[in-house]
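Asks: Make the full structure from the sequences, and use the hints.
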Amino acid sequence: MNKNSKLWIVLKGIIAENPVLVLILGTCPALAVSTSIVSAISMGIAATLVLVCSNVFISLLRKIIPDTVRIPCYIVVIASFVTIIQTLLQAYLPAIYTLLGTWLALIVVNCIILGRAEMYARKNNPLDSALDGLGMGIGFLVALLGMAIIREILGTGVINLTALGFESITIPVLSEYNIPILTSAPGGFLVYGILIAIVNKIGPKAGSEKRKNFSCEGCPSASICGRVSCSENAELVSASENNTLVEKEEA
Amino acid sequence: MDIKKSLKDVVVLVAICSFFAVVLALTNSVTAPLIEKQMAAAADEAYMAVMPDAKGFETVDLTGLTLPATVIEAKRETSGMGYAIKLETKGYGTGMILIVGVSADGVVTGATCVTSNETNGDEKTYGGNFSGKDMAGVEAVELIAGSTMTTKAYRSAVVDAINAATILGGGSADLRTEEEIVNDTLPAGEGKFIKFTVVDIDGNIYTYDDLSIKGIYEATNGAGYVCIVGKDYVAFDADGNILSEVSAENKEIIDNVIAKISANKLTNVDLAEFSGINSLITSVKKTESGIFVIDVNGEGYGIKGDMDGYTHGNGEYIRICVTLSAEGRVIDSVVLSHSETPDYVKDNLEDGKYNSNFIGKDQTESGKVNVVAGSTLSTRAYKQAILYAFEAYVIIEGGAN
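Which chain is which? The protein sequence lines are H and A, in order.
Just so we're aligned, residue 1 is where the first sequence starts under the working numbering, counting upward by one.
Just so we're aligned, residue 1 is where the second sequence starts under the working numbering, counting upward by one.
Because the hints were derived from the structure by calculation, they are not lab data.
You can trust all of the hints, since none of them are fake.
Straight line, CA to CA, 25 Å or less: simulated SDA-like cross-link-like pairs of lysine to any residue:
#1 A:8 / H:79
#2 H:123 / A:5
#3 H:63 / A:2
#4 H:63 / A:11
#5 A:192 / A:176
#6 A:214 / A:240
#7 A:251 / A:228
#8 A:37 / H:93
#9 A:37 / H:91
#10 A:37 / H:162
#11 A:231 / A:255
#12 A:37 / H:95
#13 A:353 / A:215
#14 H:63 / A:9
#15 A:192 / A:232
#16 A:124 / H:96
#17 A:133 / A:166
#18 A:361 / A:374
#19 A:192 / A:240
#20 A:8 / H:67
#21 A:133 / A:250
#22 H:123 / A:11
#23 A:8 / H:114
#24 H:63 / A:5
#25 A:124 / H:180
#26 A:8 / H:76
#27 A:55 / A:38
#28 A:214 / A:187
#29 A:4 / H:67
#30 A:251 / A:187
Replies: The following block contains the structure:
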């Protein structure tokens, strides 16, 4: 697939650069909210909306927001969108609002959102930024849903749909013989770890060349460092910036 | 410093904040009425839960009304069924909020805990014990062992709800606390009372077996006592003269209480007549029936210092009052004063946890009670004091010289 295409911008967030399973971001809400399928889907949709909206807005203002205050500006933008979504949920979908509880407000400090704003939205146009937000959001939702399916079905044997106003679905056999630890924190970590392992094994990056990026562009200390910290790696930094550094990843 | 750059930073930040402030205000203006409606419906849901047959509720204006302090909101059921009262009380933790439904004739229709910070969680189901009960029935609901503070607060709040509903319905209720009623029953006590179960401030003994007796208060100025029997608060003076009204059904109980208190009057024992009594024994009193009340000084941290002997409290003894039966067993013991380290002694000595190890034990058995790690000096002093009391009892009873 053409990695410059719009479709790839979306798809990479779902598979190759899944924020939860590959980039290992947003693990806190991932573990906390993935005990139920309904809450996982709700959180995924809410985070996706915040991601898309904040990416678009930050991209629109990328040439206006000064470097020195970019983080506070991003936080204001992200927090505002989270508050809007929170308020709308409280007004129109109170059951979902109650289900997500504290975790809804904590979307503000979700690394995925600030991370994509910093790494992508401020360097790309609004359309690409929106697609990136959409891809990352769908990737987040897919990861949460995958974890929730395992944890809720195997952990309780019941799919709880009461927040949607429906009867819960009881799964035969599993409702009696289930693995309760999956619904608790240790079980969450276990499921998370297994999913990461699976994705690492069968994911699209396996066996491919990987460009290792030592560039200052991705470094959070770039504006204040003056390359002092990387003096030992000066050759690597220069090679990376000249796109001459390639490292073959083991299959 | 580049002023222009800084100014630009400020302007951009303020502009973004302002923009979103407007957006949020607009969002709020659209959603606030919906949210308010939902919150009211949710609140009504909780009220409906305690009064299932209710048609609807209207909030009662509590301004100017004298209601129990725990009442925070009251709603009148629109068809006249009664009231649903929201209360905030304190059990083991603070902030226990309950909603209690009370019918027009003072019967609880339901009680539920809305929020709480209790530890055991019994408050979530305890409310079921009150449905269909009037005031007498509510007061008779048993507490749950292990959640005494929680359930006591819960029960007390339900009583408050019934009183509140009575007042709101145009009736009257006695909102005084137990202590206030005691003060009003015996004004000569000048508001200074202590509640005792076994040993009073002078060491007089009273043990009561009648379960209808809720408690006995003694005026610290010697003016007399107030005994609570059922709903009666009965005052009598130190000579046993009844000073307030008592119902016919409780008269016999009160007479027994007075007789027991009188029979257990203590007389001082002259320690100079006996040799071998430890100098830490400061006083010994005895009843006609042979009960001993012995004041002992315990040499705890305040005197002996820490285990290395370098630092110690302000040089005060632990003053302990030990009550021994005629047969030489511990009836009770209590700390009168101390200067031990508060953190170490609070759970063990002040709250009576440690002394409960000695109740019913004789001298040999008391000697086998372990001290408490973490309060070694204090509990060792306490145990030694009890053993000294036994020694004094043996000497005095044996008439040893």
